Structure formats: structure tokens, C-alpha cells
Amino acid sequence: MAWKAKAVATLAATVLLAGAVQARPITWARTGDALTLDPHSQNEGPTHNLMQQIYEPLILREYTGKLLPTLALSWTVTSDPTVWEMKLRQGVRFHNGNPFNADDVAFSIERALQPTSDMKGIISSIDKVIKVDDYTVHFKTKGPNPILPDQLTNIYMMDKEWSEANNTVTVEDYKAKKDNFAVRNANGTGPYSVVSREQDVKTVLKLFDGYWGKGQMPLGIETINYVTIKKDETRVAALLSGEVDFVQDMPVQDIERVQKTQGLKVNLGQENRSIFLGMDVGSADLKSDDVQGKNPFADKRVRQAINIAIDREGIRRAVMRNQSKPSGMIIGPFVNGYTEALGKAPAVSPDKAKAMLTEAGYPNGFSITLHCPNDRYVSDEGICQAVVPMLARLGIKANLVSQSKAKHFPTLQNGESEFYLLGWGVPTYDSEYAFSFLHHTRTGRFGSWNSTRYSNPDLDKRIEGLSSEVDIPKRNAAIADIWKVLQDETIYIPLHDQLLAYAMKADLDVPVSPDNVVHMKFVAAKK
Amino acid sequence: MNDARLPSDVHDPAPGKETSATGIWRHRLALFRDSDLWQSFIASRLVMAAAILTALLIGAAFLAPVIAPHDPYDLKSLELIDADKPPAWEEGGEARFLLGTDDQGRDILSTIMYGTRASLTIGLCSVLLAVAIGLSLGLWAGYAGGRIDAAIMRVADVQLTFPAILTALLIDGVALAIFKRYTLEGGKFWILVMAIGLSYWVQYARTVRGVTLVERDKEYVQAARLIGIRPVKIMFQHILPNVMGPVLVLATINLALAIITEATLSFLGVGLSPTEPSLGTMIQVGNKYLFSGSWWMVAFPGLTLALLAVAVNLLGDWLRDALNPKLR
Chain A
0 MAWKAKAVAT LAATVLLAGA VQARPITWAR TGDALTLDPH SQNEGPTHNL
50 MQQIYEPLIL REYTGKLLPT LALSWTVTSD PTVWEMKLRQ GVRFHNGNPF
100 NADDVAFSIE RALQPTSDMK GIISSIDKVI KVDDYTVHFK TKGPNPILPD
150 QLTNIYMMDK EWSEANNTVT VEDYKAKKDN FAVRNANGTG PYSVVSREQD
200 VKTVLKLFDG YWGKGQMPLG IETINYVTIK KDETRVAALL SGEVDFVQDM
250 PVQDIERVQK TQGLKVNLGQ ENRSIFLGMD VGSADLKSDD VQGKNPFADK
300 RVRQAINIAI DREGIRRAVM RNQSKPSGMI IGPFVNGYTE ALGKAPAVSP
350 DKAKAMLTEA GYPNGFSITL HCPNDRYVSD EGICQAVVPM LARLGIKANL
400 VSQSKAKHFP TLQNGESEFY LLGWGVPTYD SEYAFSFLHH TRTGRFGSWN
450 STRYSNPDLD KRIEGLSSEV DIPKRNAAIA DIWKVLQDET IYIPLHDQLL
500 AYAMKADLDV PVSPDNVVHM KFVAAKK
Chain B
0 MNDARLPSDV HDPAPGKETS ATGIWRHRLA LFRDSDLWQS FIASRLVMAA
50 AILTALLIGA AFLAPVIAPH DPYDLKSLEL IDADKPPAWE EGGEARFLLG
100 TDDQGRDILS TIMYGTRASL TIGLCSVLLA VAIGLSLGLW AGYAGGRIDA
150 AIMRVADVQL TFPAILTALL IDGVALAIFK RYTLEGGKFW ILVMAIGLSY
200 WVQYARTVRG VTLVERDKEY VQAARLIGIR PVKIMFQHIL PNVMGPVLVL
250 ATINLALAII TEATLSFLGV GLSPTEPSLG TMIQVGNKYL FSGSWWMVAF
300 PGLTLALLAV AVNLLGDWLR DALNPKLR
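Chains as they are written, first to last, in numbering that gives the first Met the number 0: chain A, 0 to 526; chain B, 0 to 327.
If a hint is listed, it holds; no wrong ones were tucked in.
Label-pair restraints from in silico Cβ distances:
{"no.": "1", "chain 1": "A", "residue 1": "Leu267", "chain 2": "B", "residue 2": "Ala87", "range": "29 to 39 Å"}
{"no.": "2", "chain 1": "A", "residue 1": "Pro510", "chain 2": "B", "residue 2": "Gly292", "range": "20 to 30 Å"}
{"no.": "3", "chain 1": "B", "residue 1": "Met47", "chain 2": "A", "residue 2": "Gly241", "range": "47 to 57 Å"}
{"no.": "4", "chain 1": "B", "residue 1": "Pro162", "chain 2": "A", "residue 2": "Asp178", "range": "20 to 30 Å"}
{"no.": "5", "chain 1": "A", "residue 1": "Gly241", "chain 2": "B", "residue 2": "Pro162", "range": "27 to 37 Å"}
{"no.": "6", "chain 1": "A", "residue 1": "Asp199", "chain 2": "B", "residue 2": "Ile177", "range": "24 to 34 Å"}
{"no.": "7", "chain 1": "A", "residue 1": "Val200", "chain 2": "B", "residue 2": "Ala222", "range": "57 to 67 Å"}
{"no.": "8", "chain 1": "B", "residue 1": "Val231", "chain 2": "A", "residue 2": "Asp289", "range": "40 to 50 Å"}
{"no.": "9", "chain 1": "B", "residue 1": "Leu302", "chain 2": "A", "residue 2": "Glu415", "range": "35 to 45 Å"}
{"no.": "10", "chain 1": "A", "residue 1": "Pro510", "chain 2": "B", "residue 2": "Ala48", "range": "53 to 63 Å"}
{"no.": "11", "chain 1": "A", "residue 1": "Lys205", "chain 2": "B", "residue 2": "Arg95", "range": "53 to 63 Å"}
{"no.": "12", "chain 1": "A", "residue 1": "Val200", "chain 2": "B", "residue 2": "Ala149", "range": "36 to 46 Å"}
Derived by calculation from the structure, the hints in this document are not laboratory data.
It should be emphasised that the depicted structure is a prediction, and the values quoted were computed from it without experimental measurement.
For each residue, glycine too, the CB sits at the ideal point set by N, CA and C.
The shape of chain A in the complex, shown without the other chains (with noise of 0.2 Å):
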């Protein structure tokens, strides 16, 4: 008996030992789930998030914004100013086994410029990718592109092998609901591979053994329970029962009852995302609204009596519990562009408002709907509904349609919406992606999330030239002279940009990424 005795003590010394250096599995709990697995069908938050930890980008934009070397180890102008070239990081495998190499970069870039890819519109600049040596590739754009390696950080390499050996080499149609053998597999160069996957309810990942990342990075994480919870008060009740490790989207309701209980804490950090409200600017006449003829929303000074009249420290008070900075931008302070002149929250003047309307020739105001998601932003809801009381003491009726973001985004992509609140992050961090989208005319890739029909020629013109500026001064200051326009115009009411909490297990430590797009590799287990 007592060799069993000590066998058994070894034993546990063994395990407590291997505890204390080895990995440890963590459950992981968001709002959302991945859309796909396809990594090049959805360019969306909660999706990047996942594919982060099973497929690779050529640059990893790290959570303070620096630009990491991932399966790229440099990049440089070569003496043509419209190609890069980019040295391969040699040693790495595809959870299949297969190396990577120059010819899987050619491909999946190919891939991500398919049109039913939801990544073209940030690489459209690229022409074609050339293969130098395995190790070496050209990508030549249209125009001189000074923020390629930037436009990179959420394009996954493939395997070409295995995407031509599963049928899967053309990018799932997600519109149609035409999928294919990548939406519910993968096969990355990333940290963790695919154990099994529920759509909507839980997907396992679990440390790729042959990762080229092991030994440099913290790989404290073994197994991922990568689960969804819809329900705001189920997700936190799970985290204090114990039952999850990590929450990802934190309530700010809850935030201060689970800093106050053991065992737990909660990380804060801005995110790069600001929350506006947007306007129908460009129509002759408005559908909702009691005014005949015309739309109040194209006088400017409609517009900017509503962005006086907005209390954005009231509703960082009550809203949001203090996890929102004001602000005067639809961009935040990380992007190239912002400065905080133009930032800063204008000044509350409820009078001056009144006056200003009044002066547009609506001393009584006027009605109209308002459509807001109510599952996709921080409190977006309750945002809405604080806006909607100071809108009223300004004689503006503004009648709530309050949604789920499944109704909401088809709303504004189809010109539905006349008066709406949105949220836009900038994973680029430069000024462009912003203008591109929400400012330039609605016109081929250009202006998609623009639903306010603002059109301004001159404007789209400005914007399109920045893709090809080299000269980074010039272009600085390009960007500025377009901030000088459109925040003189006032085509969008900026609200706030989203502080981000993260809640956790005290023995965990995930840093607040401002793209909220958690890196796990980077993450060390204390025990």
C-alpha cells in the first residue's frame, strides 16, 4: 500500500507542478457569434474576433495599435512607389501540416478580391500579387498605396492546397446563403485549430501543436470554449457563478458589481469605435417627417442646432456609466486624422438650439422616426431614448423604432432610414476608411454605409485622391481640409466613442484591444 501511497502523491505533485507552468482551458463568453468561418466572407467585428485565433493576417495590428510582423516579417516600397515588397516568415505550417509559403499569400489575396468577398473594398488597391521566391512576394497596386500593410491586418492567409482539395476556393456568397466547405472548417496558420463548431452556441478551439508562435509568445491558453449568450444578465450571472472565465461585451450596468467581487476583476480601455447619429441630407422631401415639401434636414443649421442641443455628458453619466468620451468626431483619437480641437464635445446650448431652428424656419420644430439597433452597440437603446427627450424640449418629435441589428443594417444599406444611430470603427486607423464609407457618394465600393445621401463632388474627388498620395504631409493635410468641410457641415451628430470592458477571472489577464478583437496567444495563465 504504501508504494501506492507514494505513487499517488507523485502523481499529484506531478499534476500541481505541470498546473503551475502548463496551460489552462478558459470559456469565453460574447453577445455574438462568428457569422462564418469563411475568412473572407464577413467583414465584421465579432467575426474577425474568432477568425484572429484560427487563420493569420500578414500583419497583426496589436491591442496598442502598433503594427505587429505576423506571417510577414517586413514590408517595404521597392523603388517603384506602386509595389511592396514583403518577406514571408519561413517555418510555418497550416494545421493540416501543409507550409506556408508565397504562393497561399498570392491566393488568398486573389481570393479576398473575389466579388462575393466582404475584404475587397479595403484591398482594392491592389493590382495583383507577384511571387518573387517562396519567400518573397510584389504586391503591385493601382496607385502608390502608402497604407498598404495597414489595409492587411484583418486578411487571412489560406491554404491553397486545402482550398483547392475541398472546393472552397471561391468566397462563400453570404447574401445568398450559398456556403461552402470553409464556413464550417478551417485550416489557418493560427494558434488554435478547430475542435468543433455550433453555430450560435459554442465553437472549441484548442492549441495547434505545431504553431511557429510557440516559445515566443505566451500561449497560456490551452482549450477555448468559444461560447454565445445572448442575454446581457445570463452573461454576467454565468461569470459570477463561475461557469465562464472571460466576458467579452460587459454591461456597463454590471461593471462595478463584478469589480467589487472576488476573484474577478474587469479591464477598461477605449475603443477605436464612435457612436453618431446619421441624416437623411440629401433628399428633396422627407417620408416621416410632418414637414411638407422639403427636408429640415438639409439646412445646415437644423443639423447643427441638433449637435448643440445633445447633453453627451448626461448620457455618459446615466447611459453609459461613465464608459464613453464625449465627443465632436465620428472618429476616435486613434486614427490619423483627428485632432482634439475637432474632438472636443461641443458645448451644450439648449437656447442657442432653439434660436437656430427657429431661424431655419422651424420655431415649432417638426416629427420624424428614429431607427436604432438595440444589440449591437453599448446601451445603443438607452443612447436612443436619452436623445429622444432632448430632442423633444428642442420641439423636434422624433418617434423611436427601436430594432435588432438583423433589421436595423438592411434599414440603412437600403435607404430605409431617414434619421438613425450608428456605430463605425476604423480598422485602418487613417481618416480614409471613415471618408470611403460614410462620406463619399453611394457609388459602386465607394459610400456603402453612407446612408444620408450626402453628395459632394468636389469632396469624392478629394477622397479618392488620397489612396494614391505618397507624399504622407500632403496627405495629412488633405485629410484635414476634408475634416475642415464635413465638420462645418455637420452630416453627422458624433455622440461618443465606446470605452470597452472586459471582466474576467483575477488569474487571467486580456488586454483591452481598441478593435475589440481579442489576440488569446497573447494571453499568460498565473497558475
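Let chain A serve as the given structure and place chain B on it in line with the hints.
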């Protein structure tokens, strides 16, 4: 019924001033006092308490614009600075907000009054719709039998596979396509009533059909058929009173269910606007604030709904027993 008019005229002639109409009413009241319904009502204190409670709640709801201390639908009066105040007796509470305020600075007490009005109207209308459809189809299926029965019940089975939310979204979509742009308040109200009503009729139809199958072979129905009474009359005058019991019980339970369904639909953007909260919406929003300690946001509306459901349920039970011909 013919002799009903007589006694008051004979025994208690109106002394000049009184018209014969009031005399009739007075007599009817006397008859009502003698009826089983009234006797069973005053016999049970519980039922009386439930009736008083229901009357109070309904009264408070429909007199809300007159008696509520604040008007939560008057958006101009809402101030964010008033948000999240606890009830008056708690630390930090204010006397002008007796039961505290919600996340938008609305007075909970006033919002409950206004919200109960919205919830009750939608709940009652949708339950009435469901009962009307379910009762008629159930009677018809049970009485006619054969192919009609099979057809109606298969439709009911199909309907049963659609959850209320799906039905509501369907109706919302169709309504939007037909009317292009419905006026917000009125349109939304009827869509809600239709959606909830249409998704709950099956329960009534199934129950009624089951009882009807049993009743239609009994002697009294056969007798009625023999003397040539029309089927519709047999169904509604002879069978109906015998199937009302379970229907009333179901209806009272479904009233509370309908109120909660309305809240779910509002979340999806099909229901009422969040700027005009119903009882269900208040509970749903309040749920979010339970962990943060703002218990009053869900406790008071929840209590109101629970009281309403219990009171209406008790009344339903009593009505079932009082009206059931088998218990006489």
C-alpha cells in the same frame, strides 16, 4: 323572461317621478342579486378581494393621465439627471419619485400606471381575438367532425409549429408590404394584437374541439338536433356553455402570457416604441439592472404583473365554476 318585467311594476309602483325604465333596471338588479353568479361571488371573500384588486389596477391604469404624479410619455419632462433613483424610503431616494426612477429618469409609479394600460389593452384584445378564433374553429371541428375536423386540426398543428415571434414578424412584414408605411402607434397596436392572438388560438381550438366531441353525442344535443335547431345555434347556445370552463381558465393564464410576449416583440422592434414602455417592456429592461442593485426597476412592475395575473386568474376560476351548468 316575460314575467320578469312584472314584479317591480306591480309590487313597487313608481311614485310619479320614476320612469318605467329605471324600474326595469331596479328589478334586473334584484334578479341579479338572486342569481347564482352574484351569490357565489359574495360567498367567497377571496373572489371579492380579487375583484377589488382587479378593479383597482384597471382603474389606476385607465385613470393614469388624471392620477399619475408624472407623465412618462411626455418626453420633454424627462431629465437624465433623475435616472436610476431608488424608491423614496431608500437612501438617495426622492419624495417626488415614490417607487424610484428607471434608467431614463422616468418615475416608476407613473410608468407602471401608463404601462399597465398599454399591456392590458393589448393583452385583452389579443386574448379576445384568440378565443374568438379558437372557440369558433374548435366548435366547428368538433361538431362537424370528418374532413372539416381533419382540415382545421391540421391547420392548427401547422400553426403550433410557428412560435409567436415568427408569426408576429410575418404579420409585421406583410402589413408593411401592404400599407407601405403604417402610422406608428395605431398600426403597431393592431399588429401586436393580431400576432399574439393568432399564435395562441390553437390552444383554445384544441381544448374546445375535445370537449365538443364528447358533448355532441349527449342526449340534450341530439334532442336539439331532432327538433330541428340549426347547427350554429346548437353549437353556440347548447354546447358552448359546457366548454366555457377550460376556455376561461386558459384565457386568464394567457392574459399574463400575452403581456410578456408583447415585451419580447417590442425588443425585436415589432412592438411598441421603447419611449412608451408597457409593463412587459419595463420588466425586460429592469431585468438588466438586477445585478447592479437597481432592484426597483424590475420589482415593482413585476409585482404589478403578478398581482394582475393572480387576480384575473381567481376571477376566471370563479367564473368557470359559476357558469358551469354541470355544477349547478
